[in-house]
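Throw the hints in and build the complete structure from the sequences for me.
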Amino acid sequence: MNKKYLAKIIAKDAQGLKLISAICFAAKIKINDLKYLKKNQIFLVLLERFKKDNVKSNKKINSICKFEFVENVKSKNINQYNKDSFLELIAIDLFKNQDKYEINLFFNNNACITLLTEIIEVTLEDQSNN
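Per the working numbering, the very first residue in the sequence shown carries number 63; after that it's consecutive.
Since the hints were derived computationally from the structure, they do not count as laboratory data.
There may be inaccurate statements among the hints.
[As the list claims (entries may be wrong)] In silico lysine to aspartate or glutamate, EDC-like type, Cα no more than 16 Å apart, as pairs:
| hint | residue 1 | residue 2 |
| --- | --- | --- |
| 1 | Lys138 | Glu150 |
| 2 | Lys128 | Asp161 |
| 3 | Lys122 | Glu183 |
| 4 | Lys80 | Glu133 |
| 5 | Lys162 | Glu133 |
| 6 | Lys90 | Glu130 |
| 7 | Lys92 | Asp75 |
| 8 | Lys145 | Asp95 |
| 9 | Lys74 | Asp155 |
| 10 | Lys113 | Glu187 |
| 11 | Lys70 | Asp188 |
| 12 | Lys70 | Glu187 |
| 13 | Lys101 | Glu133 |
| 14 | Lys74 | Glu150 |
| 15 | Lys138 | Asp188 |
| 16 | Lys122 | Asp146 |
| 17 | Lys97 | Glu130 |
Okay, here's the thing in structure tokens:
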């Protein structure tokens, strides 16, 4: 019996964030699929990533990465008007800056998004298999 399961990972510290970063390495993200809901303090990233449960697998899966308690978002080297272009996620990193955290999403072509938050609360949830 071949069970299909959809993963959900919740990170509340640097270790959990490293796990999500590793799982999302080389994920493709359409610029239009980056959303900051300022009023709700949520930053959403819809991404297409490779399934990591099987080394030989080239299967892709759509996932949503949700960052909560986000107070501010800054981007660098991302043309937000070119909504159909894609970014490739290289890593997600965390820096402590006084009493706040900076969560940095690093992409190809030296692009970067920085999320400013007081609390680490990141959820990676699979949506569907491709």
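For each hint, the structure was consulted:
1. Lys138 x Glu150: holds, 14 Å
2. Lys128 x Asp161: With Cα atoms ~22 Å apart, Lys128 and Asp161 exceed 16 Å; violated.
3. Lys122 x Glu183: violated, 25 Å
4. Lys80 x Glu133: violated, 21 Å
5. Lys162 x Glu133: With Cα atoms ~10 Å apart, Lys162 and Glu133 stay inside 16 Å; holds.
6. Lys90 x Glu130: The hint is violated at about 21 Å.
7. Lys92 x Asp75: violated, 27 Å
8. Lys145 x Asp95: Holds, because 8 Å separates the two Cα atoms, which is no more than 16 Å.
9. Lys74 x Asp155: holds, 13 Å
10. Lys113 x Glu187: holds, 12 Å
11. Lys70 x Asp188: Distance of about 6 Å is within 16 Å: holds.
12. Lys70 x Glu187: holds, 4 Å
13. Lys101 x Glu133: Given that 16 Å is the threshold and the Cα spacing comes to 9 Å, the pair holds.
14. Lys74 x Glu150: violated, 24 Å
15. Lys138 x Asp188: Violated: Lys138 and Asp188 sit about 27 Å apart, past 16 Å.
16. Lys122 x Asp146: Violated, because 19 Å separates the two Cα atoms, which is more than 16 Å.
17. Lys97 x Glu130: holds, 12 Å
Going through the hint list in order, the structure does not satisfy hints 2, 3, 4, 6, 7, 14, 15, 16.
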